[in-house]
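With the sequences and hints as input, model every part of the structure.
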Amino acid sequence: METTENWTPPKAETDGLKLYLETHLSFKLNVDSHCALKEAVEEEGHQLLELIASHKAEGLRDMLRMIASQWKELQRQIKRQHSWILRALDTIKAEILATDVSVEGEDGTGSPK
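Using our numbering, the first residue of the sequence shown is number 278, and each one after it goes up by one.
Hints listed in this document are in silico derivations from the structure and should not be mistaken for laboratory results. Wrong hints could be hidden among the right ones.
Each pair of labels, with its calculated beta carbon distance range [as the list claims (entries may be wrong)]: (1) 371 x 336: 17 to 23 Å; (2) 314 x 339: 18 to 24 Å; (3) 331 x 306: 38 to 44 Å; (4) 315 x 283: 37 to 43 Å; (5) 334 x 370: 50 to 56 Å; (6) 355 x 379: 34 to 40 Å; (7) 359 x 382: 57 to 63 Å; (8) 310 x 382: 45 to 51 Å; (9) 313 x 343: 16 to 22 Å; (10) 303 x 363: 33 to 39 Å.
Keep in mind it's a predicted model, so treat the numbers as computed, not measured. From the three backbone atoms N, C-alpha and C, an ideal C-beta is built for every residue, glycine too.
Structure representation (structure tokens):
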């Protein structure tokens with residue numbers, strides 16, 4: 278599994294965020310495309326555990342735990358990236374709104390209260 282701990286939030290600027298969003302979407306689609314395979318492996322692994330002697334099953338149990346753990350980490354990273362993207366979008370939006378307000382104030386085109 279590619280390590281995801283070193284990933285950082287995107288910069289709050291449009292070009293960087295666009296690239297980050299494309300990378301995030303590609304990563305999420307890649308992870309999602311493996312969901313059915315992961316579920317099939319887990320299901321067959323659990324069926325196999327029922328058929329083999331318990332002293333021979335420990336390695337398989339460990340492997341199934343590792344698969345489940347890595348899957349949870351991938352899902353957690355996707356959620357973390359999503360929140361980072363939303364935060365960067367909020368920052369960009371606030372900057373755009375602040376710029377619009379200051380331009381309106383300079384032009385005198387602001388609406389009367």
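Enumerated hints in conflict with the structure, sorted upward: 1, 4, 7 and 10
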